[in-house]
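Participant: Got chain R; can you put chain E on it based on the hints?
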Amino acid sequence: MPPIRTRLALTLTGFSALLAVALVAGPLIGSTHISLGRVFDRSIAFADNTDAQIFFVARLPRVLAAALVGASLAAAGVVFQALLRNPLATPDTLGVSSGAALGAMLAITFHVDFAVAGVASIPLASFAGSVGALGIVYALASARRRGLSTIVLLLAGVTMTAFFQALILFTQYLADFADTFRTVRWLMGTLDVGSFAPILAALPIVLVAFAMLATLPRSLDLISLGADAAAARGVNVLAAERLALAGASLATGAAVSLAGPVGFIGLVVPHLVRLVVGSDHRLVLPASALFGAAFLIACDAVARTVWSSGELPVGIVTALIGGPFFLWLLVRK
Amino acid sequence: MLRADRVSFGYRAAAPLVVDEVSLAIAPGELVGILGPNGSGKTTLLKMLGGTLTPSAGEIQFERRPLRDWSRRELARRIALVPQETHAPFDFTVLDIVLMGRFPHLGTFALEGPADLAIARQALASTGTSAFEARPFATLSGGEKQRVVIASALAQSPELLLLDEPTASLDLGHQLDVQLLLAALNRDRRVTMVLSTHDLNLAAALCRHLILLRDGRVIAQGPTEAVLTPETVRALYGVDADVHRHPIAGHLTVTPLARVR
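So the sequences go chain by chain: R and E.
Take the first sequence: its position 323, counted from the start at 1, is 320 in this note's numbering, and no numbers get skipped.
All you need for this note's numbering is the position in the second sequence, starting with 1, plus 42.
Okay, chain R solo, but in the shape it has when bound (with noise of 0.2 angstroms):
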């Protein structure tokens, strides 16, 4: 095997040219077809040039949400699962992406309409409700000994989880019919954002934090194997389990408040990126990272084109391929 060096070089090299042939083709493809020679164009003015303005302005802003989005629940995932221990772990295991989820039945049910330096009311309960999330589970797994209980964590999570579920159909059945239908929608996941502010919005909050992962894929690597094991060969455990947690948990926070939640993107791809750089989290964040968001640019393509009266929501795309996917993981196992 080569040194890690070689291999590290070889997979963000890899990786990064999928996503930028992505980012380019995810725009082309849609119900109209146009052509990347005239989108480029330059003769022809912006506004006479229905291509560019279909790539530009209908297109491109929902191909860099699910970019955004797909990195930041691939990247979560991966944190996810060295935290917890567990292959199977996703970003909606500890409840974040439900608390998310409840913040913006809320702000749809009751009518809380503001906005805070251009972002909407729905976003902003979205993410309040995936930091109290967080907050709650960190609480509960710290109360009873001193550093974190995995295994409380990984239960409070689940059973937050189906209690935020349990609130968001109270709250759907206090609703009228409209908003039910609004929140059924929003529940199902779509990348459709409209325009660049919410992913602007979005962008600063997933910069932080990736930039708190990026500090932890070593530390990742020994706690996956236990957190005695881990402190023995020189990891401060506590302080990396707590960044851990906030980076993967205000990455997902941030994914859902923009798009809702789409499921399976953290479970499928970080195993799909094993699978070619093996188990090396210095590999697999930031190659899953990067798979998230091209993988996400992909289903979203397929959202938009495989349904010839109109556009899937992505998240019951992901959920279909995703479903079945991590059927067949346990089963391998």
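Worth double-checking, as some hints may not be accurate.
Covered by chain R, per the in silico footprint, the following chain E stretches (three or more residues, Cβ under 8 angstroms) [said to hold, decoys possible]:
| # | segment |
| --- | --- |
| 1 | 88 to 94 |
| 2 | 124 to 136 |
| 3 | 145 to 154 |
Here are the in silico distance ranges between beta carbons for each label pair [what the hints assert, rightly or not]:
| # | chain 1 | residue 1 | chain 2 | residue 2 | range |
| --- | --- | --- | --- | --- | --- |
| 4 | R | A22 | E | G215 | 54 to 62 angstroms |
| 5 | R | L85 | E | D47 | 41 to 49 angstroms |
| 6 | E | D230 | R | W325 | 45 to 53 angstroms |
The set of hints was computed from the structure by calculation and includes no laboratory data.
Glycine included, every Cβ here is placed at the ideal spot set by N, Cα and C.
Facilitator: Okay, now just chain E, sitting in the frame of chain R:
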């Protein structure tokens, strides 16, 4: 090199202490066994000696400096700990696992270079595990895993190696492999070792000093020959035993004869 002064630990304030006022000193080059029945506090004591668990009372010093003044990374360059069992949830190769031992020697974003690889390969060689460096760790047998984890600890280039029941789940052949490996490492590489075990015959064969632990308290400590007697075995395990020097092996052996209550 390592000194514990009246060290205690309890998981909860009201609960009985797991380790109760233990004092001990480990000199460089020694091979010390901590003996005691299940639940006597061996693992807790070992974790405290390695600095991964902070005592609730008392103080431990390494090289005359309290453990709490050492950073985790700094300490891991000098002391390595081999846990009782290591489970890898992901498909790491044997070489991956051993290279992780270099963690405390590398900066946050530093990658292992040729020097680190050479150290890892040497650790593989001295534990007899070179042949399966490319194999997935999860596919190894218990004895092979234990030797690989010892190699990973050796890759930390420690002066002090702590081992928690290194032979507990191994069959006779693998037990002997690990026993001979530890004896050789102590003899040839001058690694100081402290190991916990409830296997009296392993301790008698391997360790020059013993610390006997019951209910978190030291009931005897000193040279193996002086400490391992029918009286101490009875006190530790509630078993009447014959302790005599084995005519061929040359060390003490313990044969249990009857249960006493």
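Participant: Please go over all the hints and tell whether each is borne out by the structure.
Facilitator: We went through each hint and held it up to the structure:
| no. | hint | in the structure |
| --- | --- | --- |
| 1 | 88 to 94 | holds (count 3) |
| 2 | 124 to 136 | holds (count 9) |
| 3 | 145 to 154 | holds (count 7) |
| 4 | R:A22 to E:G215: 54 to 62 angstroms | holds, 58 angstroms |
| 5 | R:L85 to E:D47: 41 to 49 angstroms | holds, 46 angstroms |
| 6 | E:D230 to R:W325: 45 to 53 angstroms | holds, 49 angstroms |
Hint violations for this structure: none, all hints satisfied.
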